[in-house]
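**Student:** Listed below, chain by chain, are the residues.
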Amino acid sequence: MAWRHVGGLISALLIGTSAGCYSGAPEQAEGSEGPSSGDSSASAGEGGDVDSGGDADSGGSMAEFEPGSPVLPRLTEAQYRNSIDDLLGPGLPTPALEPDTNPYLFFNIGAASTTLSEVGAQRYEEAADVISRAVFDDPARRASLVGCAPEAPGDACVAGFLASFGRRAYRRPLTEEELGRWLMIASELADGDAWRGLQLAVAGLLQSPHFLYRVELGEPDADDPDLRRFNGYEMASRLSFLLWNTTPDAPLLEAAERGDLLTDAGLLAEARRLLDDPRARPAIQGFFSQFLDLGRLSDIHRDPALFPLFTPTLPRSARTEIDLLVEDLIYRQGGDIRGLFSSRRTFVNSELAALYGVDAPGATAITFVPVELPADGPRAGMLTQAAFLMMNAHETETSPTRRGKYIRERVLCMTVPPPPDDVSTVIPEDGGEAKTLREKLEQHRADPTCAGCHAFIDPPGYLFEAFDEIGAFRTENRAGYTLDVSGDLDGVPLASARELATMLVDDVRVGRCMITQLHRHSSGRLEATTEVPALRALESEFESSGYRFRELLLAFVTSDLFRTVAAPEVE
Amino acid sequence: MIPNRKIPRRTLLRGALGGAAVGLALPPLEAMFSTRQARGEAPSSAPIFGVFFWANGTSWHGGHGQTQGQGGHPDLWTPAAVGPGYSPSELLAPLAAHQVSVATGLEPKTAWPDLPPGQSDGHMRGFMVAMTGDRIRPEGFDHPSHTLTALRPTLDQYVAKHPQFYGNYPTRFRSLVMGASPIRFHDYGHWNAISYNGPDSLNLPIMDPAQLYSMLFDVPADLVQVGRRAKLLDAVLGDAQSLRARLGSGDRQRLDAHLDHLNEVQRRLELTSGTCEEALAPPADTSDLLVKTEIMGQLLAVALHCDLTRVFSFMLTSPATNHVFGNLGVGNAMHQICHDGQWEQVRAITLYQMQCFAKLLDQLASFQDPMGSTLVDRSCIFGVSEYGEGWQHSVAEMPVVLAGGCNGNLVRGVHVREQGGNISKAHVTMLRALGIDTPSFGWNGGETTEHLTGILA
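Residue numbers (the numbering used here), protein chains in the order written: chain W, 53 to 623; chain G, 818 to 1274.
Chain W with its partners taken away, still in its complex shape (with noise of 0.2 Å):
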């Protein structure tokens, strides 16, 4: 059943939901999946309690590490898309493909759980169509693309080319049945014409589970036959989709016929080439744009009469600034990543500089330049930034429930829960004597059924006050009225947002949360309770690292989490 490659935590995930936000011990969850380990990583209830630190229940009696079941994948769009520039080369048609979709955040965990529709399965005919087409019907780029000229639908010429296209497109050799069923089209269907057999074996090759899913299922361990690791080719795949985003390239499908990748020092000696190619650089963006949840700029909307620095780019221009950020602290800096929490180096755009009121020489519309924000200034760290700011906002009033909301459950990966099903969670649209949304958000908190959540949601929410519904700063409300702008996290005051940045930096969860959405994103589903000492163990590597992101990686994919596998589950 489809949901349990995206459902292995659900019996964590369920606890606090069900105990209520603030209290201290998290509830066990009834039912759905009998009786939890006790993990409680994406917990409300361990999160609430800071001071105790979240990992006092991750010591001694933390079960051992087996590892999580198996997923298919289908590619992504962005994945297909690499995919097909590497195989045939660069500026082919991009025919519509089924939309993507990001349960629990990711689009990895969409393409694994989520079934193909029908009109989703003929865009991928006609894209085979139209893509295999544009290669063949073009005499240079057949040419280059073969290698050889084909004389006669079935030769010599024809065989090799797909035995070697084949093993590309399939990210593994072809077996011989596969090869004779490519051939046999490439001759059945040519009527005479080789190249003709040729491009429509491509457009099969280009439709076959085998190129369109990842098959990652692994084998038994030659070592330890009562262990499933995930053989070279499967973890040439892994690695690429990792670090690249797309199908795995010549150098590492020879490593992994050579077994290096099943070593750690040939797996390390790949994962730095990898990372040390500028192709990197999106596929890294990609995660963080996921984990951050930027995706949801594309839908932003505001009055350009209310808010005249608002353009319909900002949000875009905001989305880019996060993406340098990210860039720059993991390439440039090699620093620690915690300091997109904390940095006051950003990049901005003429339009983002005047919306934070710097100084930026060279910014133009569509470049961007790196700014140190004033020391002595409201802001530091992507939370006191536009994209969250925006993001979390609504078109005409600003949301401290949304932005404690993003505290909770982006930064720190804890489970908010939603208001009890019999629950108004209507504001008065006339709050009597409140004059600002805090006001009236603390009238609401006043009834004790919705207190325990908005205690725990509005808070840190509170501090971000300080910046309107597109981000820019201020002190007082459209109604004129002086905004409190003060809050705190997990009972400890705060005065600005700029406090909070402060004290996520030495936040033990801001780490964790980074490792375990790394895990969701490149496994494709939620982490089994069971994975959860490898997660831990990471921690500590990431922490000796300094929180360096490129040593997570590292770290993370010579880790059992990354190279192991249970075997197939069968009903």
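Heads up, simulated SDA-like pairs for lysine to any residue below, C-alpha to C-alpha not over 20 Å straight-line: (1) W:Lys492 with G:Gly1158; (2) W:Lys492 with W:Thr448; (3) W:Lys492 with W:Gly532; (4) W:Lys487 with W:His446; (5) G:Lys978 with G:Asn1080; (6) G:Lys978 with G:Ile1253; (7) W:Lys492 with G:Gly886; (8) G:Lys978 with G:Gly1015; (9) W:Lys487 with W:Val537; (10) W:Lys492 with W:Thr534; (11) G:Lys978 with G:Leu1021; (12) W:Lys492 with G:Asp1157; (13) W:Lys487 with G:Asp1157; (14) G:Lys978 with G:Gly1252; (15) W:Lys487 with W:Ala531; (16) W:Lys487 with W:Leu535; (17) W:Lys487 with G:Gly1158; (18) W:Lys492 with G:Gln885; (19) G:Lys978 with W:Gln174; (20) W:Lys492 with W:His446; (21) W:Lys487 with W:Asn529.
Using C-beta positions, here's what the derived DEER-type ranges look like: (22) G:Gln1172 with W:Arg530: 30 to 38 Å; (23) G:Ala928 with W:Gly386: 52 to 60 Å; (24) G:Ser1183 with W:Thr146: 33 to 41 Å; (25) W:Asp190 with G:Arg1063: 36 to 44 Å; (26) W:Asp207 with G:Pro1099: 35 to 43 Å.
Quick partial rundown of chain W residues pointing at chain G, CB under 7 Å, derived from the structure: (27) Pro151; (28) Asn154; (29) Ser169; (30) Arg233; (31) Leu241; (32) Asp355; (33) Thr448; (34) Val622.
No wet-lab data here; the hints were simulated from the structure. C-beta: ideal position from N, C-alpha, C; glycine also.
Given the coordinates of chain W, assemble chain G onto it according to the supplied hints.
**Tutor:** For chain G alone, coordinates are given in the frame of chain W:
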């Protein structure tokens, strides 16, 4: 009348899955690419089933369970009188010209489990029951991330795949799944689509008119090559078998669904032929929902007239939509204004959404068969939203419109009221009108054997 369905081509190719016999013994292509037009048959007069979905219900009133402010708001949806020839209410007025029937007072009756929590939320429960007759699938449901899925197919797919609907000769497209507003509340589950095949199997709507046009009306000049593409799929299906055997059961189901779709795609390629004569020029996209509904409606009408399909769903706006109706002077996302209690704005938006519904029906009404029946006369179109209203997510008083005559099987222009009635009675009514045996419909507490009295002819 389908006298000339000549070539059981699929059976010829069936034995070829291993790859050995591909390409052998094919009959002449022109004999294979037969459609109704190519066969010179009369236009179809078979019944049509459609869904028109709009977001966030109607403007709230006391009947939904709670009142806002002092004295609440008037009910602008429910017509004052019941029975035939009712006078339309303010919000139903745009549909009056099409003599739609309306059922009021209906609601979902399914039970929902306590865990995972949140399954009673109207957006999800109301939607799922309205479209499937069943509750949400509890496994994998996650309210905090708004992730959910269905237990069974939505009504459009239930009909399109029911053996009694198409019989042995489905049209080139079993169904068309379309939408207008791409703005969504969330990225997965019915937040961006209203059509399901089953758990985790969504049919994402086609939103781009040019894409819809090309899917329906672009026919390659080289039909021989189209025939090769169809045959190629036998090799693809054969190639999948070695993978199938290695998968766990969940992934095998996903792959099998994919392979079933490939069979449909193959059938569609085989049925590719000369165009539908009424084909229009490829249209441009627009963000104006009324104009877009007209454009998509025109393409749909041509497709129905040419018998390219007989089932469709049209999602004007997705459940809980964040669409900003700036054209109506509304500044905030619709989901938000509902919760903010902006009743007047929701009233204006609901009226506008009904104008869009009417625009779709206008397009279908403009095509007649030789006997003078329009596509609306042949159709049973289910107009529905995810709940009664969006202020409190109440599922009381779900809006249910039954448009079209379904070839005389539905009575038009009737208002039926059953306060607290089971919404699956509407499902039973439509399915029986379409000639699908329906002793009972609905699950998990939503079961009913009854249809709506007065609407089923």
